[in-house]
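Engineer: Here are the chains, one letter per residue:
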Amino acid sequence: DAKTTQPPSMDCAEGRAANLPCNHSTISGNEYVYWYRQIHSQGPQYIIHGLKNNETNEMASLIITEDRKSSTLILPHATLRDTAVYYCIVRVGRSQGNLIFGKGTKLSVKP
Amino acid sequence: EAGVTQFPSHSVIEKGQTVTLRCDPISGHDNLYWYRRVMGKEIKFLLHFVKESKQDESGMPNNRFLAERTGGTYSTLKVQPAELEDSGVYFCASSPHRDREAGELFFGEGSRLTVL
Chain A
500 DAKTTQPPSM DCAEGRAANL PCNHSTISGN EYVYWYRQIH SQGPQYIIHG
550 LKNNETNEMA SLIITEDRKS STLILPHATL RDTAVYYCIV RVGRSQGNLI
600 FGKGTKLSVK P
Chain B
906 EAGVTQFPSH SVIEKGQTVT LRCDPISGHD NLYWYRRVMG KEIKFLLHFV
956 KESKQDESGM PNNRFLAERT GGTYSTLKVQ PAELEDSGVY FCASSPHRDR
1006 EAGELFFGEG SRLTVL
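First to last, the sequence lines map onto chains A and B.
Residues 500 to 610 (our numbering) are what the first sequence spells out, left to right.
Residues 906 to 1021 (our numbering) are what the second sequence spells out, left to right.
Bear in mind the hints are in silico, worked out from the structure with no lab data behind them.
Note that CB positions come from ideal geometry on N, CA and C, so glycine has one too.
Check before you lean on any hint, since a few could be wrong.
Unchecked claim - Estimated spans, in silico, between C-beta atoms of each pair: (1) A/S540 <-> B/G976: 27 to 35 Å; (2) A/P520 <-> B/Q985: 40 to 48 Å; (3) A/A516 <-> B/T981: 39 to 47 Å; (4) A/N552 <-> B/Q922: 47 to 55 Å.
Said to hold, decoys possible - Dumping the calculated DSSO-like pairs for lysine-lysine here, alpha-carbon to alpha-carbon at most 30 Å: (5) A/K551 <-> B/K949; (6) B/K946 <-> A/K609; (7) B/K983 <-> A/K602; (8) B/K946 <-> B/K920; (9) A/K568 <-> B/K946; (10) B/K946 <-> A/K602; (11) B/K946 <-> A/K502; (12) B/K920 <-> B/K959; (13) A/K502 <-> A/K605; (14) A/K551 <-> A/K602; (15) A/K502 <-> A/K602; (16) A/K502 <-> B/K959; (17) B/K956 <-> B/K983; (18) B/K949 <-> B/K959; (19) A/K602 <-> B/K949; (20) A/K502 <-> B/K949; (21) B/K946 <-> A/K605; (22) B/K920 <-> A/K602; (23) B/K983 <-> B/K959; (24) B/K959 <-> A/K602; (25) A/K605 <-> A/K568; (26) A/K551 <-> A/K568; (27) A/K502 <-> A/K551; (28) B/K949 <-> A/K605; (29) B/K949 <-> A/K568; (30) B/K946 <-> B/K959.
Make a model of the complete structure from these sequences and hints.
Structural biologist: Written as structure tokens, this is what we have:
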């Protein structure tokens, strides 16, 4: 599976958009990009996933570059409750359960 | 609809004792996964059930760990005998997606295990 690279930490002001980058330069054509987050010590929470096209749901937007070597997770209006560790994971669809979490990005949303 | 539930939320045992963790997946989810985060480390995959069958157990650390899912409903993860390095949080997740589909995993809140 392709490896991902994320910054270890980021800050964001409450109410502003949080843009979390992820590099996955070795991604294969059949690999999806998934984003999960872990708030404090709770169980990981699914956010969004995509293959080629940009995706949007009620939580976030996922922007994938045309060459698919990087992506950005966008939280449009970050709140204090969005403070969490965010994980970018690349995985083939047929084995999407064996997720490799890595270290993720610690996002701190500040008042 | 109830989410993935795990029991106990926290267990404290002594080295050499046995502990059994239980996971109840979301009703109707054929796929059930166990993950764990030991102290200071990343969240790691342990194994994957499809109904009652083990689909992938490549992440199981050693033969002190035994996972079962009799009847394809709830699952148990037994650690016998427990060692100090087993301390951590054990997460269970479930998913309705077929093997070749991409989709989300629904995680429980985890069972914290402390081995003294």
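Engineer: If a hint holds in the structure, say so; if it does not, say that too.
Structural biologist: Status of the hints after comparison with the structure:
The beta-carbon spacing between A/S540 and B/G976, approximately 31 Å, falls within the hinted interval of 27 to 35 Å. For the hinted restraint 40 to 48 Å between A/P520 and B/Q985, the CB-CB distance of approximately 44 Å keeps it satisfied. Judged by the Cβ atoms, the range 39 to 47 Å given for A/A516 and B/T981 holds: they are separated by roughly 43 Å. About 51 Å separates the C-beta atoms of A/N552 and B/Q922, a value consistent with the hinted range of 47 to 55 Å.
A C-alpha spacing of about 27 Å is found between A/K551 and B/K949, which places the hinted pair at or below 30 Å, so the restraint holds. At most 30 Å may separate the alpha-carbon atoms for a hinted pair to count; B/K946 and A/K609 meet this at roughly 26 Å. Restraint check for B/K983 and A/K602: the C-alpha separation of about 27 Å stays at or below 30 Å, so the hint holds. At roughly 20 Å between alpha-carbon atoms, B/K946 and B/K920 fall within 30 Å of each other, so this suggested pair holds.
With a C-alpha separation of about 26 Å, the suggested pair A/K568 and B/K946 falls inside the 30 Å cut-off, and the hint holds. At most 30 Å may separate the alpha-carbon atoms for a hinted pair to count; B/K946 and A/K602 meet this at roughly 9 Å. Between the alpha carbons of B/K946 and A/K502 the distance comes to roughly 17 Å, so the proposed pair stays at or under 30 Å and holds. As the CA atoms of B/K920 and B/K959 are separated by approximately 28 Å, the hinted pair is consistent with the 30 Å bound.
Note on A/K502 and A/K605: the hinted pairing holds, with a Cα-Cα distance of about 18 Å set against a maximum of 30 Å. Annotation: proposed proximity of A/K551 to A/K602 holds, straight-line Cα distance about 24 Å (limit 30 Å). Proposed proximity of A/K502 and A/K602 is supported: the alpha carbons are some 12 Å apart, at most 30 Å. Under the criterion of a C-alpha separation no larger than 30 Å, the hint pairing A/K502 with B/K959 is consistent with the structure, at around 26 Å.
For the suggested pair B/K956 and B/K983, the alpha carbons sit about 18 Å apart, so the restraint of at most 30 Å is met. Between B/K949 and B/K959, the direct Cα distance comes to roughly 17 Å. Compliance with the 30 Å bound is thereby established for this hinted pair. The hinted pair formed by A/K602 and B/K949 meets the criterion: a straight-line CA distance of about 11 Å does not exceed 30 Å. Distance restraint check for A/K502 and B/K949: the Cα-Cα separation of roughly 15 Å lies within the 30 Å cut-off, and the hinted pair is therefore satisfied.
For the suggested pair B/K946 and A/K605, the alpha carbons sit about 15 Å apart, so the restraint of at most 30 Å is met. About 29 Å separates the Cα atoms of B/K920 and A/K602, which keeps this hinted pair within 30 Å; it holds. Between B/K983 and B/K959, the direct Cα distance comes to roughly 15 Å. Compliance with the 30 Å bound is thereby established for this hinted pair. Between B/K959 and A/K602, the direct Cα distance comes to roughly 27 Å. Compliance with the 30 Å bound is thereby established for this hinted pair.
Using a Cα cut-off of 30 Å, the hinted pair A/K605 and A/K568 holds, with the two alpha carbons roughly 22 Å apart. The suggested pairing of A/K551 with A/K568 holds, with an alpha-carbon distance near 11 Å, which does not exceed 30 Å. Distance restraint check for A/K502 and A/K551: the Cα-Cα separation of roughly 17 Å lies within the 30 Å cut-off, and the hinted pair is therefore satisfied. The hinted pair formed by B/K949 and A/K605 meets the criterion: a straight-line CA distance of about 18 Å does not exceed 30 Å.
Our distance criterion of 30 Å between C-alpha atoms is met by B/K949 and A/K568, whose separation comes to about 24 Å. For the proposed pair B/K946 and B/K959, the alpha carbon gap of about 25 Å is at most 30 Å, so the pair holds.
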